[in-house]
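> Build the full structure now, drawing on both the sequences and the hints.
Here is how the chains run, residue by residue.
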Amino acid sequence: MAAQPYGLVAVFDTAPAVYHAAETVRDAGYKCWDCITPFPIHGLDRAMGLGRSKVPRISLVGGVLGFTTGMSMIWFTNAYDYPLIVGGKPYFSPMFAFPVSYELTILFTAFATIGGMFLLNRLPMHYHPVLKSDHIVRGLDDKFLVVIEARDPKFNLAATRALLEKAGGREITELEA
Amino acid sequence: MSHAAESAHDAPAILREVNPPALPRATLVENNRSFGWITDKICGIIEGKTPTWWWVCFVVACFVASFTVAGITYLVATGVGVWGHANPVNWAWDIVNFVFWIGIGHAGTLISAILCLLRQKWRTSINRAAEAMTIFAVVCAAIFPVFHVGRVWFAWYLFPIPNSNYIWQNFRSPLEWDVFAVSTYGTVSVLFWYVGLLPDLAILRDRFTAAGNRMRGWLYGFFAMGWRGSNRHWSNYEMAYLILAGISTPLVLSVHTIVSFDFAVSLIPGWHTTIFPPYFVAGAIFSGFGMVLTLMLPLRAIYRLEDLITQYHIDCMCKITLATGTIVGYAYGMEFFIAWYGANPYEGFAFINRAFGHYAWAYWIMISCNVITPQFFWFKKVRENTTLVWVLSIFVNVGMWFERFVIIVTSLARDFLPSSWGYYSPSIVEIFTFFGTFGVFSVLFLLFIRFLPVMPMAELKAVMPQADPHGSGDAGHGTSGRSH
Numbered sequence: 663m664a665a666q667p668y669g670l671v672a673v674f675d676t677a678p679a680v681y682h683a684a685e686t687v688r689d690a691g692y693k694c695w696d697c698i699t700p701f702p703i704h705g706l707d708r709a710m711g712l713g714r715s716k717v718p719r720i721s722l723v724g725g726v727l728g729f730t731t732g733m734s735m736i737w738f739t740n741a742y743d744y745p746l747i748v749g750g751k752p753y754f755s756p757m758f759a760f761p762v763s764y765e766l767t768i769l770f771t772a773f774a775t776i777g778g779m780f781l782l783n784r785l786p787m788h789y790h791p792v793l794k795s796d797h798i799v800r801g802l803d804d805k806f807l808v809v810i811e812a813r814d815p816k817f818n819l820a821a822t823r824a825l826l827e828k829a830g831g832r833e834i835t836e837l838e839a
Numbered sequence: 008m009s010h011a012a013e014s015a016h017d018a019p020a021i022l023r024e025v026n027p028p029a030l031p032r033a034t035l036v037e038n039n040r041s042f043g044w045i046t047d048k049i050c051g052i053i054e055g056k057t058p059t060w061w062w063v064c065f066v067v068a069c070f071v072a073s074f075t076v077a078g079i080t081y082l083v084a085t086g087v088g089v090w091g092h093a094n095p096v097n098w099a100w101d102i103v104n105f106v107f108w109i110g111i112g113h114a115g116t117l118i119s120a121i122l123c124l125l126r127q128k129w130r131t132s133i134n135r136a137a138e139a140m141t142i143f144a145v146v147c148a149a150i151f152p153v154f155h156v157g158r159v160w161f162a163w164y165l166f167p168i169p170n171s172n173y174i175w176q177n178f179r180s181p182l183e184w185d186v187f188a189v190s191t192y193g194t195v196s197v198l199f200w201y202v203g204l205l206p207d208l209a210i211l212r213d214r215f216t217a218a219g220n221r222m223r224g225w226l227y228g229f230f231a232m233g234w235r236g237s238n239r240h241w242s243n244y245e246m247a248y249l250i251l252a253g254i255s256t257p258l259v260l261s262v263h264t265i266v267s268f269d270f271a272v273s274l275i276p277g278w279h280t281t282i283f284p285p286y287f288v289a290g291a292i293f294s295g296f297g298m299v300l301t302l303m304l305p306l307r308a309i310y311r312l313e314d315l316i317t318q319y320h321i322d323c324m325c326k327i328t329l330a331t332g333t334i335v336g337y338a339y340g341m342e343f344f345i346a347w348y349g350a351n352p353y354e355g356f357a358f359i360n361r362a363f364g365h366y367a368w369a370y371w372i373m374i375s376c377n378v379i380t381p382q383f384f385w386f387k388k389v390r391e392n393t394t395l396v397w398v399l400s401i402f403v404n405v406g407m408w409f410e411r412f413v414i415i416v417t418s419l420a421r422d423f424l425p426s427s428w429g430y431y432s433p434s435i436v437e438i439f440t441f442f443g444t445f446g447v448f449s450v451l452f453l454l455f456i457r458f459l460p461v462m463p464m465a466e467l468k469a470v471m472p473q474a475d476p477h478g479s480g481d482a483g484h485g486t487s488g489r490s491h
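Chains A and B, in that order, are what the protein sequence lines are. Note that the working numbering has the first sequence beginning at 663, numbered continuously upward. Note that the working numbering has the second sequence beginning at 8, numbered continuously upward.
Worth flagging that the hints you see were computed from the coordinates, not collected in a lab. The structure presented is a predicted model; accordingly, all values stated were derived computationally and were not measured. Be careful, since some hints might not be right.
Unchecked claim - Taking lysine-lysine pairs in the DSS-like style, the calculated list, with each CA pair at most 30 Å apart, reads:
hint	chain 1	residue 1	chain 2	residue 2
1	B	K388	B	K128
2	A	K716	B	K128
3	A	K794	B	K56
4	A	K816	A	K716
5	B	K128	B	K326
6	A	K794	B	K48
7	A	K816	A	K794
8	B	K388	B	K326
9	B	K128	B	K387
Unchecked claim - One side only, chain A facing chain B, incomplete, derived with CB under 8 Å:
hint	residue
10	C697
11	F701
12	G705
13	N740
14	Y744
15	K751
16	F758
17	I768
18	G801
19	D804
Glycine included, C-beta positions come from ideal geometry on N, C-alpha and C.
Rendered as C-alpha cells:
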C-alpha cells in the first residue's frame, strides 16, 4: 500500500482481553482510536478514557421545547386565536393543557434523544474504512477489534503494531483509507 | 458498572465477616452457547429459505385481514350507521377493540422500558418481538377510532391543523388528549424499536454483503445507518437507550391513564371512578403479557429457541401475568365496594346490573378469564407445561376483551333514564372489521419474523457471562476466555 493507511486493526477474542487492551492503548496516550464490539461492554468507556455521553443535554432541550410547545399551542388555539367557550370554563388553564403538553414533552424528548445520538455519533455514515475491513463481520458477531487511526499524533506503524501485539491482539492489519 | 470482581474489591470489610451467600442467578442463555451461536441462530431465521408453514400462515393471515378491508370499505361507502351502534350505546365494539389492542401493546413497552430500568436482564430475549407486537397492536387499535369518526376523510380534524372553519380542537376534552397520547405512543414505540434494531441491522448488512446478496445487504445497510459497533458510538447509544426507556415508562403509564380518562372524566355510572387509571394500566399489562405468551411460545417451539427463551423466562412472564391479573381482580372487587360505600344509587345499580343484568354472561366470562385463569400460574407444574400456559394466555386475551366490553357497553345500555335503555349487539360489519384485525396483526408479525431479527442479538450477548470484562464469577481477570 503506497498511500498512508487509515490505521491499524487488531482482533481480540474475549471481552476481558479487549478491556485490558483498551486500558493499555489509553495509557500509551493515544487519542484517535476505537474499540469495535458486538455489544456494549460495561466499563469499556472508562477503560478507553471516554467521558460521559452528552446525549442527555440534547434530550433536555427536546423535553423543555416539547412542554412549552404544548402549553403555548393550547393557549394560542383555545384562548387567543379563537377563544373557545366550553361549559363556562376558563379559556386557558395549565390543568387541562397538561396531558397534551406531557405527551409532547415525551415526543420531543424521544426525537431529540435519537437525533442527538445520531448527531454525536456522526451517523448515518455509510462509508467508513472500518466497514471495508474483512474483520468487521466478526467484529459485530463475536470478536472484538481495536482500531488505532493513523491521524493520531502518536501513531507510528511499527511502534503501534508492537503495542497492539503486546496488548494481545491478533491478525494485526493495516486499514485502507 | 458494578461487577462482581469490582465490588468485591472495594467492599466494606464487614461483608467478608458476615459472608453473604452468593445468590444463584438464573442462566439467561442455556447450554453455555457462544456469541457466534447467537448470531448464527437469529440471522439463520432470516437467511434461511422461507418455510412452508410461513407461507401457509401468511396466506391465511392475508385472507383474515381482507375481512377488515371489506368491513371498512363497506362502512366508508355507506356510513357509520352500518355498525350496531344506536342510542344509548354509541360507543361499543369500536372503542372496545381500540382499548383492547392498545392494551395489548402495553406489555411490549413494559418489557422494553420498565424492565430495562429495573435491570431485569431476562427481558432481552423477548423485548424485540414484544416491541414489534406493540407497534402492530397500535396499528390495529388506530383503525377503530379513525373510522368511528364517520367521515374518515375528515380525520385530520383531530389534529391542530389550521382549516377553513378557523376553529380549533377543544383541548379540555379527554378524547383530544387521547389523540396526542396514542400518536405519541405509536411514534415513540417505533423510534425505540428502531434504535434497538440498529446494531442487528448492521450484522445483517455485513452478512448479506459477505454472502454476495448485494440487494439485501444494501437494504439492511440503508437502515443500519453505517453502524459499525464503535465503542464511542455504543456510549451514546446506551445513554440514548436509557433515556428512551426512562421516558417510555411515564409514557406507557400515561397512555392507558388517558385512555381511561375517556371514560372516567364522563359522568356515566360505572365509568366515573377514580380507580380507572391504575386499573386500566394493570389490565393493559395483563392483556399484553397474555399476548406475548401467545406469540412467543409458538415462536420458541418453531424456531427451537429454548436456549434463549428458557423456562425461567416463561416463569417470569407467567408471574407478571399472575400479579397484574390479581390487581385487576382486586380492582373488580374494589369497584363494587366503592359503588356500595359511595351510596350513589345509580352507581350501585350499574354494578349490580353488570353482574346480574342482561350482560351478566359477558361479566362472568370476564371474571373467569381474568381473575380465575391467572391463578393457575401459582403452580410450577402449570408454568412448566407450555401448552397449558399457551391455552391460559388465550383465556387472558379473551377475558380482557370482555372486560372492555363489559365496562363500555353495560354502562351505556343502562344509563340514568330507563326510557332510553337499550341492548346492543354488533352488526356483521363490526364483526368482520374486528375479526380482520387479527389478520392485519398476523400479517405484520409474520413479515417481522421473516425479515427482521426476532431477538436483539447485541443485547442477548451483553447479558451472557462471557460479556463480563472482568471474567465471570470467581474466575478472576481474563481467565474465562472461550471460543466456539
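> For this structure, which hints from the list above don't hold up?
none
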